[in-house]
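Number of protein chains: 2
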Amino acid sequence: MWAGLAACCLAAMAVAQNAGNVLPSWNESEAKARIVEFVKAVTDSRGKDYVEIRDRIAVFDNDGTLWAEQPLYFQFVFMLDQVKAAAPKHPEWQGNAAFQALAAQDQAALAKLGPRPLLELLGQANSGMTVAEYDKTIRDWLATARHPKFKRPYTDLTYLPMQELLAYLRANGFKTFIVSGGSAEFMRPWAEKAYGIPPEQIVGSQQEVKFEMKEGKPVLTRGPGFAFIDDGPGKPVGIYRQIGKRPIAAFGNSDGDLQMLQVTTAGEGKRLALIVHHDDALREFAYDRDSHVGKLDQALDAAAPNHWIVVSMKNDWKRVFAFEK
Amino acid sequence: MWAGLAACCLAAMAVAQNAGNVLPSWNESEAKARIVEFVKAVTDSRGKDYVEIRDRIAVFDNDGTLWAEQPLYFQFVFMLDQVKAAAPKHPEWQGNAAFQALAAQDQAALAKLGPRPLLELLGQANSGMTVAEYDKTIRDWLATARHPKFKRPYTDLTYLPMQELLAYLRANGFKTFIVSGGSAEFMRPWAEKAYGIPPEQIVGSQQEVKFEMKEGKPVLTRGPGFAFIDDGPGKPVGIYRQIGKRPIAAFGNSDGDLQMLQVTTAGEGKRLALIVHHDDALREFAYDRDSHVGKLDQALDAAAPNHWIVVSMKNDWKRVFAFEK
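In order, the protein sequences belong to chains R and X. All residue numbers for the first sequence refer to the numbering used here, where the first residue is 1 and numbers rise by one. All residue numbers for the second sequence refer to the numbering used here, where the first residue is 1 and numbers rise by one.
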């Protein structure tokens, strides 16, 4: 209890000391000003826009919003390795379009297929594993895999300005959630360390799992199919099921986040919606309307009429990654 | 921020003052002693059983564990009213076994059918409603419905000793979740006030919902079917999906909680599992192996060999409800 109190006091002091210098990796642009203005408005208990702490719910897409997603969603790279390893046991995959596209690393074909057939392949690759065994394959992969451009562990490729934003919101009483098209279990092993977001605050796509007794022990084993795809119109459904409240702030980067942003800003009272626009080919990647990964088209068109903030990574962020000089 | 800090300090002081008198509505029995011993063990940072705050996850069944469930699950009473109101629009229900049992209040037949066909009827009754409209029907019903034995709002029928237990665990760093066979949305409107458990910490059965644009506004509407039944072997699945961690403490009262208790106590380290045994016909109800509602049979047999605590409501609780003299 006293440890908890001390932590609480320290957290409050850290915020107080930091009050003059929030979001240090953000340039002093309109984007930053609007974020700070929103947070001040909803936390001012005398103001008309005040929101009770219990309703300060903020949702963040993961791929392309909190960490990078190019040249291929990192979970797809993991899947490719998993599927390759399982391929000898699945001769029937040779005629499967998703397997062929994965094996050929044919991104145009993968994009055209959409996430479902790929997730289903992965499901088949790992079907029958217990969830603990599967968790270990994720941890092992993350420990050894390296990003092709940055030659670093994928977990190094989280965006420093977004980490600061998460911490800033939490310091102001927000509860921060990830709402990702990827599967929750792929994020849970590392999201707490990387983002300060615990497993129970991660909403994602869900593979079938079932309860079984194995050798007298209760275990959960993975089935071949997906129970829920948390992408596009699925995101508001995932939020409803797992959070049960309408967020007051939402952060995304692609058309897969469109409906989440719409639902968030359709609520009454002051709302914040923000799109991370990947326009920095030098420090990261530049892509939007024509990209196979993280396509940003409809959501970009919707930004201006809905007063959503569009963040230019190039102009609004001093640093992209913590490892940058 | 300072309000948050003050609340934190006050909470910590409240616990400190209370340290000599925890769980005041519990008699000084073995059940209480074992609960307190468990909490002391997992919170003692120098002890071998210490558990980090982030892993102090406690899960509670709702019906029969946190509030009463006789003579019929309260959500079923709500459903009966909803289904009755919708019956004129559904002539096809006349030949439906679940509808016939509901209309006749035939509890033996309802118990035999199990929850799924009843939940499906309710789903059909409310299909097409937006989730906001549905939420209002729940709130309206709760405001006016009265329990047949106690002549009080159903939300008065929460167990005072369990409310104290929830608060005691939270004061010791636990995060408390409801994991119920009922639907999450039926609990969300009142569980925060009644139990201190916010919507995002409620796991329950899930009706299909889908995202739609209606008159230019994004809404979620209810479909007729159920996407997930969070009961029996479904509870560990619901916990895995929504919490993503194995609980260290679980509280139930019926065979529908068996697998949740099994999964909780199969984990490594110190664990707590507890069954509320309804043996107090005078102050509440007395039932177990032969009950149509809240049947407790297999889980009761499993208690002793697994060292699960069985709480006698009659002998272990000084008071059952807050409204008792």
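Worth flagging that the hints you see were computed from the coordinates, not collected in a lab. Errors might be hidden in some of the hints.
One copy or any two copies: either way a pair holds, since identical chains are not told apart in the list.
As the list claims (entries may be wrong) - Keeping only pairs whose Cα atoms sit at most 25 angstroms apart, straight-line, the calculated PhoX-like set for lysine-lysine is: (1) 245 - 325; (2) 48 - 32; (3) 136 - 245; (4) 193 - 175.
Tested hints:
| no. | hint | result |
| --- | --- | --- |
| 1 | 245 - 325 | neither (40 angstroms within a copy, 37 angstroms between copies) |
| 2 | 48 - 32 | within (22 angstroms within a copy, 47 angstroms between copies) |
| 3 | 136 - 245 | between (32 angstroms within a copy, 14 angstroms between copies) |
| 4 | 193 - 175 | both (16 angstroms within a copy, 19 angstroms between copies) |
Hint violations for this structure: number 1 only, all remaining hints satisfied.
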